[in-house]
Amino acid sequence: MDQPTKTNRRNPSLKSKSHCLKVVDTFRTGARGRKARRPGHNLLVRLRDYRDDVLRFLTDFTVPFTNNQAERDLRMMKLRMKISGTFRTLEGAQVFADIRSVISTVRKHGGNILETLTLSPQQIIARL
Numbered sequence: 096m097d098q099p100t101k102t103n104r105r106n107p108s109l110k111s112k113s114h115c116l117k118v119v120d121t122f123r124t125g126a127r128g129r130k131a132r133r134p135g136h137n138l139l140v141r142l143r144d145y146r147d148d149v150l151r152f153l154t155d156f157t158v159p160f161t162n163n164q165a166e167r168d169l170r171m172m173k174l175r176m177k178i179s180g181t182f183r184t185l186e187g188a189q190v191f192a193d194i195r196s197v198i199s200t201v202r203k204h205g206g207n208i209l210e211t212l213t214l215s216p217q218q219i220i221a222r223l
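In short: position in the sequence shown from 1, add 95, done, that's the numbering used here.
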């Protein structure tokens, strides 16, 4: 994967560092799979491969800087599982996830949560 040096679209004076990260697929004889790499090397390869996605928040201001909102959305589900151990039925887990999804969406839109939960499912869908 030896790539020639390219100029950066956003800042032409910067050169791409992809030539510094030569990914070598060395296979060990007698062992299965690829030779394990260090975590730091894996991080550099991942940052190189997903560069536009990692730095998207710099050019698109609608993208949040962190993923805290996604973690907050999952926190109540994990808390519920920690307290009760698990959901008794798949249907109960689905209902809980649906309600949490509606609450999270209404909160993000700045709506009244209690008022929204008293509406029928068709009215909730029409509002959102």
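Derived by calculation from the structure, the hints in this document are not laboratory data. Wrong hints could be hidden among the right ones.
Derived DEER-like restraints, expressed as beta-carbon distance ranges [to be verified]:
{"hint": "1", "residue 1": "Q164", "residue 2": "I220", "range": "13 to 23 Å"}
{"hint": "2", "residue 1": "L174", "residue 2": "R132", "range": "31 to 41 Å"}
{"hint": "3", "residue 1": "L209", "residue 2": "Q189", "range": "42 to 52 Å"}
{"hint": "4", "residue 1": "G206", "residue 2": "R133", "range": "26 to 36 Å"}
Computed from a prediction, not measured in an experiment: that's the story for all the values here. Cβ atoms here follow ideal geometry from the backbone N, Cα and C, with glycine treated the same way.
Cross-check of the supplied hints:
The given range of 13 to 23 Å is respected by Q164 and I220, whose C-beta atoms sit roughly 22 Å from each other. Separated by about 36 Å at the C-beta atoms, L174 and R132 satisfy the suggested range of 31 to 41 Å. At about 22 Å, the beta-carbon gap between L209 and Q189 misses the expected band of 42 to 52 Å. At roughly 48 Å, the beta carbons of G206 and R133 sit outside the given window of 26 to 36 Å.
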